[in-house]
Structure formats: C-alpha cells, structure tokens
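*Asks:* Please work from the sequences and hints to get the whole structure.
For the sequence shown, counting from 1, position 72 maps to 72 in full-length UniProt numbering; every step adds exactly one.
Among these hints, one or two may not hold up.
Simulated restraints on C-beta separations [as the list claims (entries may be wrong)]:
| hint | residue 1 | residue 2 | range |
| --- | --- | --- | --- |
| 1 | Leu18 | Thr167 | 19 to 27 Å |
| 2 | Pro101 | Gly153 | 17 to 25 Å |
| 3 | Gly66 | Arg17 | 38 to 46 Å |
| 4 | Pro101 | Gln155 | 22 to 30 Å |
| 5 | Glu151 | Glu172 | 18 to 26 Å |
| 6 | Lys97 | Leu18 | 42 to 50 Å |
| 7 | Ser109 | Val20 | 15 to 23 Å |
| 8 | Thr116 | Gly169 | 14 to 22 Å |
Think of the hints as simulated: they come from the structure by calculation, not from any bench.
Quantities reported herein were computed from a predicted structural model and do not represent experimental measurements.
All C-beta atoms, glycine included, are put in the ideal place defined by N, C-alpha and C.
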Amino acid sequence: MPETVVVPPFSARVVERLGVGPASRRERVIHSLDGLEDPVHPDTLTAAGARLWNHLLTEIPSALGGVDFLLGLDAGGILPTVSLSSAAALPYKIAWKLHLPLAGAVRFSEPHAVRTDVFAYGIAPGQRIVLVDDEVTTGRTLADLTRRLREAGAQPLAAACLVEDVTQGARELLARLDMPLVALTSLEPTR
Numbered sequence: 001m002p003e004t005v006v007v008p009p010f011s012a013r014v015v016e017r018l019g020v021g022p023a024s025r026r027e028r029v030i031h032s033l034d035g036l037e038d039p040v041h042p043d044t045l046t047a048a049g050a051r052l053w054n055h056l057l058t059e060i061p062s063a064l065g066g067v068d069f070l071l072g073l074d075a076g077g078i079l080p081t082v083s084l085s086s087a088a089a090l091p092y093k094i095a096w097k098l099h100l101p102l103a104g105a106v107r108f109s110e111p112h113a114v115r116t117d118v119f120a121y122g123i124a125p126g127q128r129i130v131l132v133d134d135e136v137t138t139g140r141t142l143a144d145l146t147r148r149l150r151e152a153g154a155q156p157l158a159a160a161c162l163v164e165d166v167t168q169g170a171r172e173l174l175a176r177l178d179m180p181l182v183a184l185t186s187l188e189p190t191r
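*Replies:* Listed below in structure tokens is the structure:
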C-alpha cells in the first residue's frame, strides 16, 4: 500500500548567528526546507516548489512567458531552485562563489557575505531568467545581480524566494529596478 505523506506548512523564523565577525549579519533566516532542525521529506520540497510556481503564475503571469531558465544563488538558493525547476518544468543554473574560466561570466556581489564575489556562467544576450534564492532580506544581492545581467544583455524577469523579511526594504529596492519579487512567505515585523 502506498505511503500517505502529510506535507506540513512552510515556516520560517529569524535566529541569531553565533560566532560571526563584525562584517557579517548577526541574524539568519531559517526555514522548514533547510534541514537544520528537522529532516525534510521530498514531498515537502516538491510541494513548496509547486506553491512558489503557483505564486509566480498568479502574481506576475505576463513576466513568465518564454522563460529560458531559473538562476539560483549558491548555498541556500539551490533547494528552492531545484524544486521550482521541477514544478515549472524549466531548466536551471546555479550561480557560485567560484571564479572559473567559463564563457558568459557575470560577476555580482553578495555584500553581506564573507566572500562577496559570485559568478553566473553561460549568460548570453536575450536570455529570459527568473532569479531564485531561499531568503531575501535587503535585496542588495538580487539588485546587483539584476543590474549585472542587464549589462550582459540578459533579461531578468522576476525574483522568487521562499522567505522575504519585509522589514529590510528588499521589495522596494527591487521595484525601483522593475524587478518583481514573489515570496512563498513573509516575515513580518514583531510588535
């Protein structure tokens, strides 16, 4: 008899990072897909990708015609990129903190990280791309990536994330670049 899996709701919260230097962020968003606290069942990952894709289709359907691929950010962005890729039946690429001799390199910055340089490869003029990360706080990384992709002639269409910390102004920053942001969930300010 097949197993029936109950997919729990997606959840996220902010925790203090211990032992970080003065240049690093003091907080970290953790969520129910990162596997930090509890094991993650594959059906939970699949369901999150489907929900995020449905949010994209609902909130910005006109931007999604003719997407060439998803571009996920290394580390935290890998899981949501793969699950969104599966749900949308779209190919994906991952941007890495590896400087390699590969064609179509686009260098951008993750300003709050210890190693700030990130590289996307195989970027060509006219490519239509959806950016994906696990969490968005200030939006500075996605804003810099958006600018650099446009300089390379690519067309970033939207950014998708699992968690948006609405207290940091990312949505407004990206809106000034005409870059819609879609989040599976939002962290609201505490009162």
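*Asks:* Now, for every hint given, state plainly whether the structure supports it.
*Replies:* The hints, checked one at a time:
1. Leu18 to Thr167: 19 to 27 Å: The hint (19 to 27 Å, Cβ to Cβ) holds, given that Leu18 and Thr167 are roughly 21 Å apart.
2. Pro101 to Gly153: 17 to 25 Å: holds (21 Å)
3. Gly66 to Arg17: 38 to 46 Å: 40 Å Cβ-Cβ, so the 38 to 46 Å window holds.
4. Pro101 to Gln155: 22 to 30 Å: Given about 26 Å between the Cβ atoms, the range holds.
5. Glu151 to Glu172: 18 to 26 Å: Given a distance of about 22 Å, which is inside 18 to 26 Å, the answer is holds.
6. Lys97 to Leu18: 42 to 50 Å: violated (22 Å)
7. Ser109 to Val20: 15 to 23 Å: Given about 19 Å between the Cβ atoms, the range holds.
8. Thr116 to Gly169: 14 to 22 Å: holds (20 Å)
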